[in-house]
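Number of protein chains: 6
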Amino acid sequence: MDDDAMRRFPVPDLDDLPEDLRERIEEETERAGFTPNVFAGFAYKPSHWRAFFDYHDALVDDTTLERHEVEMIIVAVSGVNHCYYCNVAHGALLRIYAKDPLLADQLVANYRTADIPEKHKTMLDVAVKLTETPVEVGEDDLQKLRDAGFSEEEVWDIGAVSSFFNLSNRMAMFADMRPNEEFHTLGREPHDD
Amino acid sequence: MDDDAMRRFPVPDLDDLPEDLRERIEEETERAGFTPNVFAGFAYKPSHWRAFFDYHDALVDDTTLERHEVEMIIVAVSGVNHCYYCNVAHGALLRIYAKDPLLADQLVANYRTADIPEKHKTMLDVAVKLTETPVEVGEDDLQKLRDAGFSEEEVWDIGAVSSFFNLSNRMAMFADMRPNEEFHTLGREPHDD
Amino acid sequence: MDDDAMRRFPVPDLDDLPEDLRERIEEETERAGFTPNVFAGFAYKPSHWRAFFDYHDALVDDTTLERHEVEMIIVAVSGVNHCYYCNVAHGALLRIYAKDPLLADQLVANYRTADIPEKHKTMLDVAVKLTETPVEVGEDDLQKLRDAGFSEEEVWDIGAVSSFFNLSNRMAMFADMRPNEEFHTLGREPHDD
Amino acid sequence: MDDDAMRRFPVPDLDDLPEDLRERIEEETERAGFTPNVFAGFAYKPSHWRAFFDYHDALVDDTTLERHEVEMIIVAVSGVNHCYYCNVAHGALLRIYAKDPLLADQLVANYRTADIPEKHKTMLDVAVKLTETPVEVGEDDLQKLRDAGFSEEEVWDIGAVSSFFNLSNRMAMFADMRPNEEFHTLGREPHDD
Amino acid sequence: MDDDAMRRFPVPDLDDLPEDLRERIEEETERAGFTPNVFAGFAYKPSHWRAFFDYHDALVDDTTLERHEVEMIIVAVSGVNHCYYCNVAHGALLRIYAKDPLLADQLVANYRTADIPEKHKTMLDVAVKLTETPVEVGEDDLQKLRDAGFSEEEVWDIGAVSSFFNLSNRMAMFADMRPNEEFHTLGREPHDD
Amino acid sequence: MDDDAMRRFPVPDLDDLPEDLRERIEEETERAGFTPNVFAGFAYKPSHWRAFFDYHDALVDDTTLERHEVEMIIVAVSGVNHCYYCNVAHGALLRIYAKDPLLADQLVANYRTADIPEKHKTMLDVAVKLTETPVEVGEDDLQKLRDAGFSEEEVWDIGAVSSFFNLSNRMAMFADMRPNEEFHTLGREPHDD
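Protein chains in written order, with my numbering: chain A, 1 to 193; chain B, 1 to 193; chain C, 1 to 193; chain D, 1 to 193; chain E, 1 to 193; chain F, 1 to 193.
If we strip away everything but chain A, and leave its shape as in the complex, we get (with noise of 0.2 Å):
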């Protein structure tokens, strides 16, 4: 693992990790090719990054959202929380989920730019607004998420996203964690369907 994947903690040594650690790590570096940072950087407490993992785990496997529009809230949220490992490392999952390479730069700047439906943008003005001035979220903006389609339990799926990155985008700036260069460029090639 990248001993520059975070700057304020030290990273330990893969081998030092307890086997389930283990196991996941390798998994995951074989299928992107390398260690995404977070993985290296959450190992410093490993009773932590279980209870990181296994709480995205639940966001991303457990819900009728479709990935892409996880990725979504997840870099607008980033983008407004200016989390530089987020922006990077979750654009680059967009890019690659939506097959779009333009949307993640749109989010991390402004996600009123982006080039999405009206249903897209509703999910958007929530999550961001939920990031920024939580007391101001009021039982009408849950209506306008269920006026644009999306189902109660969706609805409460984007709080919870929304929610989940709030707290990984402050881990991430506390620890400052630092995304892996392929992150910066995955996806970028454009799509033709």
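Derived by calculation from the structure, the hints in this document are not laboratory data.
Warning: the hint list may mix true and false statements.
Because identical chains share one entry, a pair is satisfied inside a single copy or across any pair of copies.
[Claimed, not checked] Think about it this way: if two alpha-carbon atoms lie no more than 30 Å apart in a straight line, the pair counts; the simulated DSBU-like pairs of lysine-lysine are:
(1) Lys-129 x Lys-99
(2) Lys-121 x Lys-144
(3) Lys-119 x Lys-144
(4) Lys-121 x Lys-45
Since the structure of chain A is provided, determine the placement of chains B, C, D, E and F on it from the hints.
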């Protein structure tokens, strides 16, 4: 479980919940004398319930921070985020763990007014900064924590608790979770030690 | 009077105060069972003490707003300004006048979560806007108050109470006034009516 | 009195006012050559009129701060709060008391640009901080005032004037009080001393 | 040229300036009766002087907006940015072009209080929003300008003037440019039309 | 020129443009291999086009700042202002001039995370402060730039570039200018030096 535990999503029946949720909820109910509404609220989605409480348990169980230090961070962060549920429920926990009937009201209002040692002022300076302006948190903030006497891993934990309650506050505010009436008064009687 | 009534200026002895201050303070002490610290704190400067309480008395005595409506404005404004003294002392008064043990904690955190009629939501919308962004308060805000059923003079009074507690909060925060311990628990027992 | 003294409440007739208001207003009119609109505006509610001007008089009469120091605080606070009435009316008073035709325009814009001694910069640093972020005002701010040469009671007075104009600005903005045309030009001629 | 035209960079001698600068400055001095300090300040760097005044001239010369409309935008933007130089210098120009001795003080304080038609309120709504929160400016804001009666090109010009004075304010504040004393009083005498 | 170069005003045909615009645009197109959309967008109004690019050219041509230093300021300012066009277009220029494929993504997110020398941190501290809170920029900020090794004229230039892009960002956001697709990927390949 209280139907009014949260206002924007339906609260499930205890009997309809998976075994593992039911057991833990019954245990908590036994201990507290009532079911804290956050357990009822998150049960709307069992996969998130598990992820949320596992993360919470990792934060309070696997740390050398004292439990009242953890609750101080939680209440200061929740005060800044204006989270009604967390102010009141964790305010009660703080009164109990710190054996201090006044501290929670101080932290909800303005942690700078609290009757706490310099070390804890520094801890809350960083927790609140990570909450309000994470983009400005720097190595010098972490150094202040080390200089105040916190170990490297405790510094991580302070960041982790602060980050997690930026998730927790947002979920409680998004779902409009309501603190149990009991929390408003718990731990308000003066202590003798 | 409590030496710890405020932290940044000396608290005078009751015996050294002018006759009119002493009489009123003894009267208040009689009524409450203790001397509210704001009376002790402002006594540092008798001319300001008189001006402050005369203004306060005009606001609560010469109005057709109910006293619990006045206290609702005070606690919502103080919550937004993060004033420890006023949150706690007027929180107690609100619990007593509104005969509601929960309302103060709701308003301190976020008035939007409070269990109150629409009319009072509108009242607090304007009080909080006048506190946070007075530059944006317009004729339309006053019209909303009139539409909610407040008389012209009550509209004035809502503005006046909100404005006065923007003074009061700042003096309490500047001098670091400390709420009496009694205020933390007063009015927290449930009501039957 | 000018019907256009304020825009959101009716301005009463001088003849309909209680004796004590009428006398003072006539006195002020005599002195200034016109009736300052704040006297007309507050007369809407005589009990508040009395409370407001008594408080104001205590602030300017019972202090060892120079009158132009008091007006400097008022204009800097009003500039930050964007209060049209107070910028203009107290801008005129400041020009007269400070015998400086430029200072008011400097303080309305940005007190940091003003041609004033370091002692007054410190005074306005605290006045503006208490206006914008009272939650952050600490003992160190009061110490800076003491170090700059202000007596303990003057420190109190600086806090008191700043706080009072956070009331005053809000009432003027709420009622949309309009400065008399005379105030725009008073004291703009250069001085010789 | 006034040595005190700006405080943070040296003001060059008129005689040392390139021919084209000198000619224009002499022309302006002729017209105004004094050399406006912005001409002296920008002369520190002739290439920027030319760029700045060419841009300025394009904005005021190639537009169907009335000159007093242009100056209204400038003063409202400068008021929000708290720019001492622009408040005072363009305040004077606005008084002259609008033949209104009060309007500049209204716009410096809070454009919402100004005695102007609805069309100009809308114009300033957009100018101030583009200044304070450009990230939120949307197609609907431009539509409001069109609905208010501005032509497509005038909409562009409103955006352009607002944007340019976000440059201009910052340069004046960075260099601490000082308005000429004459600007404080120009145009303050009442008009008869 | 791309019809989609901006969304809120029509993009003119190259053939309809005045000679001087056409020549420069053909030159730029030659050099870049495509017409950067800002040239197409500003061509809506030729007088503004000329003013804008003349100012831009003065900033990058008449300075002893390195071109990559200029682009660092631009990208940091644009990141803070959330300008999609400038983030992406100047991000590409920065990658090319700095021969650094990662720096632009760092500056867009949070310049404090960037891998740059202390001197450039100081430069961006001031550029971002002048962008976000110009009212607070003081002589001490300019002194920090001098202490970091910038000449007096370079200090001016840092202020000037920061100010100009507060104009540029706002025009791009007002007109909804869209970065050419090429900008998203330019300069992302690693360098060898």
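Right, here's what the structure says about each hint:
1. Lys-129 x Lys-99: Within. Shortest intra-copy distance 26 Å satisfies the 30 Å Cα cut-off; inter-copy 34 Å does not.
2. Lys-121 x Lys-144: both (11 Å within a copy, 21 Å between copies)
3. Lys-119 x Lys-144: Close inside one copy (9 Å) and across copies (24 Å); limit 30 Å.
4. Lys-121 x Lys-45: Between copies only: 25 Å across chains, 37 Å inside a chain, cut-off 30 Å.
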